[in-house]
Amino acid sequence: MIPFKYNVRNLRVRWKTTLMTVLGTALLVASSCILFGLVEGLEHSLKVSGDPLDLIVLRKGATAETTGGFESKKADELMTLGGILRDADGPVAAKELLNIAVAERNSGTYNNLIIRGVEPASRKLRPDFKIVAGRDFEPGKGECIVPPSAARMYKGARIGGQLAFGEKEKYLVVGLFTAGGSQAESEVWADLKDVERNTGREGSVSCAQLRASGPAEFDQLRKEIEDGAQFLLDAHPESRYFESQADTSTFFKAAGTLIAILLTFGAMFAAANTMFSAVKSRTREIGTMRALGFSRGDVLMSFLGESVLLSLLGGGLGLLATIPMSLISIETMNTSTFASVNINFRFGPLVMGVALIMTLVMGVFGGMLPALRAVRMEVVSALREL
Amino acid sequence: MSGSPSIELRGVEKEYRRDEFVVPVLQGLDLTVGEGEYLALMGPSGSGKTTLLNLVAGLDVATRGEVIVHGQDLGGLTEAQITRWRADNVGFIFQTYNLIPVLTAAENVELPLLLTSLSRKRRRENVATALRVVGLEGREHHYPRQLSGGQEQRVAIARAIVTDPFLLVADEPTGDLDRNTADEILELLEQLNREFEKTIVMVTHDPLAARRAGRVLHMDKGRLVDDVINEPPVTAAP
Amino acid sequence: MKYLTYVFRNARRNPVRTGLTVASIAISMFLMMILTSFFAAMQEANSATKQYNRIIVMNANGFAGQMPIARVRQVAAMDGVRAATPFSWYGGKYQNKRVLFAQFAVDADTVFDTLDEYKVPDDQLAAFKADKAGAVIGPKLAREYDLKIGDEMPLQGDIYPVDLKLNIRGIYESPRNTDQRMVLFHHSYLDDQLRQLGSASSGSSPTRPATGAGNAGIIFVKCDDATSTAALCKAIDDEYRSTDFPTRTQTEEAFGQMFSEMMGGLKDTVFWIGCAVVVSLLFVAGNAMAMAMRERTTEVAVLKAIGFNKGLVLTLVLAEAVLVAGLGGALGTLGSKALFDVVDISPFTGGFLPFFYVPWSVALIGLGVSLFVGFASGVVPAALAANSSVINGLRKVV
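From first to last, the protein sequence lines stand for chains A, B and C. Just so we're aligned: the first sequence equals residues 93 to 478 in my numbering. Just so we're aligned: the second sequence equals residues 13 to 250 in my numbering. Just so we're aligned: the third sequence equals residues 198 to 595 in my numbering.
Just so you know, these hints were derived from the structure itself, not from any lab. Since this is a predicted model, take the numbers as computed values, not measurements. Accuracy of the hints is not assured; some may be wrong.
Claimed, not checked - With a cut-off of at most 30 Å between alpha-carbon atoms, the simulated BS3-like pairs for lysine-lysine come out as follows:
#	chain 1	residue 1	chain 2	residue 2
1	A	Lys372	C	Lys464
2	A	Lys247	C	Lys507
3	A	Lys97	A	Lys285
4	C	Lys316	C	Lys329
5	A	Lys165	C	Lys329
6	A	Lys315	A	Lys345
7	A	Lys139	C	Lys316
8	A	Lys260	C	Lys431
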C-alpha cells in the first residue's frame, strides 16, 4: 500500500487547487444540506405534532381541520366519553375552532395566518407547551399568544401589540409560546369563545382533540366515535393525520432530492477535474512507484483515497457551514391549508445523510476515472514523461 | 561580415536578486556584432551565455550599461515597446522547439504574422514561403506530435523567419537532436545566414555547431574570455 | 478574431478537463433555471393576465372567507362590468383520494365569457349549460385520467359534506401558461345538494357558513376595458365595506401576486441557494482555468517572446475562460429551456405545478451569469499569465 501521507502531502503541496476544489464543493454540499435541513424541520414538526394516544376528530369524510368542522354540541358529548384520559383538571380533551385570515408581514407582503380558538386542555395536547415570554392569555378578554416566529414577522404581533384581522377580529398579544417544534408553532392561539364570537360561528367547532388513557381505550374510542350513531364523525389518530398533511413536505422532499442530485453531479465533476489534473501532473511519479514495485491496485487505491480525502474536506466543510443555520427558519405557505407555516431548519440525520452521500459519490465516482487513468499507464512511457 | 555594427553592448552588467542576495551574472561586458554575423556563444553552465542572449533579444534588461541594436537603445524602451520591437526584429529558436501543440505546422508558423496587419491571404503566402525555405512543404497540416524532432525544429525556424526579422536568436538549437538531424539544422542556419543575410546569435554546447558559426565567443563567470574568428565555416566532409 | 483558432484549440487541448468544466457549469445552470423559473414562470403567467382586464372579488379577511352568491348578480350589473362568475373551491376527492386538481363551482352561462381565453366548442358549451350536473374539464386532466366527453366524474366531498356526480360535457383549451387541469361545474348543482342536506347535520368551518350553500367563494369579473378596473375595485369594496362580509377586490394580476408573496421565505431561500451555486462555479471554473494555465507557462513565455504583448495574452486567456463557461451556460440554460418546452412535467408534480417552463428572460439572464462566471474565473489566471516572466518561462525544466 502506498502510504497515505503521500496523498496528504500532495494535497498540501497543491494547496491552491485543493482549496478551490474544497470551497467549490463545500458550497454545493452546504446548499443541499440547507434544503434537507428545511425538509427535516418540516417533517419533524409534523411528526412531533402527533402523539400516539391522541385522536383528532373531524366531520366524516373531511381530511383537514381547516375544513372539517362539525356542531359544537356533538363535541361536548365527545368530551364525556369514557376512554379519555383524565387528570386533576378534567378530561384531557378540547374543542377547537380555526379561522384563517389575512395578516400583513412587517415587509409589507401578506400571508394567511391560522388562528386557533382553544380551551385550557389544548395546551396539554401539544408536546411540551411553554410560555417563553409574557404570559398566557386569559379567557374572554380578547387576548392571544403567538409563536416567536410570528412575533418576528408580522405587524402587531409583538407582545403588547394588537393583531387585527378585518374589522371584527382583534386580539391583544400578551405572550409568546413554543410547543416542542410542532405545527402549533405556526399558529396564533386565542380563547375559543373569543374566536367563536369574532367569526360569528358559535355552535360549531373545527375539530376536537382527545387523548386516550391507554392503547386499548384508544381503539375503543375510535370505534365509538366512528360507528356511534349520534356522532357520524371520523376519529383520526393524530400521527396519521399529520402524515396526511405532509403534501408540502413531500413536494419539498422531491424538489430537494432533485436539487441535491444535480448538485452532486456538479460536485462530482469538480472533484474529478481536480483529480485528473493531479494524475496528469504526477505521471512520472506514478511510473516511478510502479517501477519500484507498487501494484496497479496500490496506485488505484491511492488515488481513490486521495479523491475521497479531498471530498471529505469539501463535504465536511459544507456540513459544518450549515450548523449555524439551525438558527434559521423560513416562513412560507403551506400548500394544503394555504396558510402560513413556519419551518425551522433542523440539523439531523437527513442533513448528515445527504452530506455523507454527496461526499462519497463525489469522492468515489468522481475519483474513479482519474484513478483508472493513473493505473492504465505503462510504466516505461510514464517514466519518459516530462 | 558587413561593416556597420548591428548590435553593441557597452559596459553591460546584469544582476539578479534572490531575497537579500545579489547574484551577478554578467560583469562589465563590451561586445560588437556586425550586420549579418553568425555568432556562437559557448561556456560552462552559469557562465551567463543565455543571459547575454536574452539581453540581445530584448527579453531581459541590463542592470547597468547599454544594449544598442540597430541604433536603438533597448534599455530606454517600455515593456510594450520592447515587445513590439521583438515582434518586428527578432526570430526565436529554442532547444525544445516550443511549438504550440494544438496548432498545425502552418498555424504555428503563422503566429508571429497575427501580430501584423497583413491580410489572411498575405499571411498564408508568407507561411508557405517560410515552409518552403526550411524544406517542409507538404507538412502544413500536421500537428507537432506527428512530426519528428528535426521537422519540429524546422517548423520553429520557419516561425522564426516568417516576419523576416533581421536577427535570429537560437538557444541550443541542436541540443535535442541526433547527429545527422543536427547537421541538417545547422546547414539550414548557415543557409539563412549566407543567402538571406540574417544575423544569428546562437548559444551552444556543441563544438561542431560552434565551428559552423563565423565567430565564437567563450564566456566564463559572466565575462568574455575568448573571441575567435572561425576559418570559413567548416562544412561536413564531402 | 484571427486569434479565435488559437482560443478554440486551447479549449479543446484537454478535452476531459474542458468537458468536466462545461458539464459542471451546465448542470449548475440547469439547476438555477429550475429554481428561478419556478417563480418567474408564475410571474410571467400573472403579468399575462393583464390583457384580459379581469378583477377578483374576495372576502377581505382571507381568501378562504365567504362571499354571498347574490353579489355575483349585483356586481355584474355594475357599470363597466361585462360579465361575472362565482368561483367556489369545492376541493373534493377523486377515486376517494385527495387530489391536486382544482374543482370550481361556477356560473355556466357566464364563466367562458369571463375567462375568454379558455375556449370550448359551441356544442360542448351548450351541452354543459343544459346539463345541471355537467362539467367542463381541462385537456391535461382528460389525458391524465383518460376521460372523454360523456364520461362520469364522481367527486367525494372533503370540505363540503356532499358528493357530486358530474358528467363531462366539454374539454376546454387554454394558453400554455394557464391551469389546464381544472374541473368547472354548475354552482347551482352544488348549492342544491347542500340545501337538500339541510342545516341540521353540518357544522361550520372557516370556509363556509352553516349550510355551506350560497357561497360564491371568489368572484371573477370581466371589465369592459383597462381604465375601468381600478375604479371598479374601489367601487365594489366601498359597497360592501360595512357588511358582514367585507370585500377586497384587486386585479387578477395582483391576486396572483398575492399568492407568490405568501411564499415568503421560500423565495429568499431559493435566491441564496442560487447565489451559493454561482459562487461555487467561480471556484470550480477558476480552478480549472488555473490548472490549465499552470501547464502552459512555457507556451505563454514563447508567445511573449515572439511579441505577443501583455494585453493580448490577457485577452486570449480570458477569451478561453469565457468561451468554456459560455458553452456550459448555453447547454444548461438553453438546454433546460428546450427540455421543459417539450416535456410537460405537470403530471409528475401531482398537480402542484399546473405548468412549468423556462421563460426567455430567465434563460438569457442565466447565460449572462455563466459568461460572468467565465470572466471572473479567468481574470486571475489571465492576469498571472500576462504578467509572467518570459525568462523564467523559457528556462529549461530538467
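Do the hints match the structure? See the list:
no., hint, verdict
1, A:Lys372 to C:Lys464, "43 Å, violated"
2, A:Lys247 to C:Lys507, "59 Å, violated"
3, A:Lys97 to A:Lys285, "72 Å, violated"
4, C:Lys316 to C:Lys329, "20 Å, holds"
5, A:Lys165 to C:Lys329, "35 Å, violated"
6, A:Lys315 to A:Lys345, "35 Å, violated"
7, A:Lys139 to C:Lys316, "45 Å, violated"
8, A:Lys260 to C:Lys431, "21 Å, holds"
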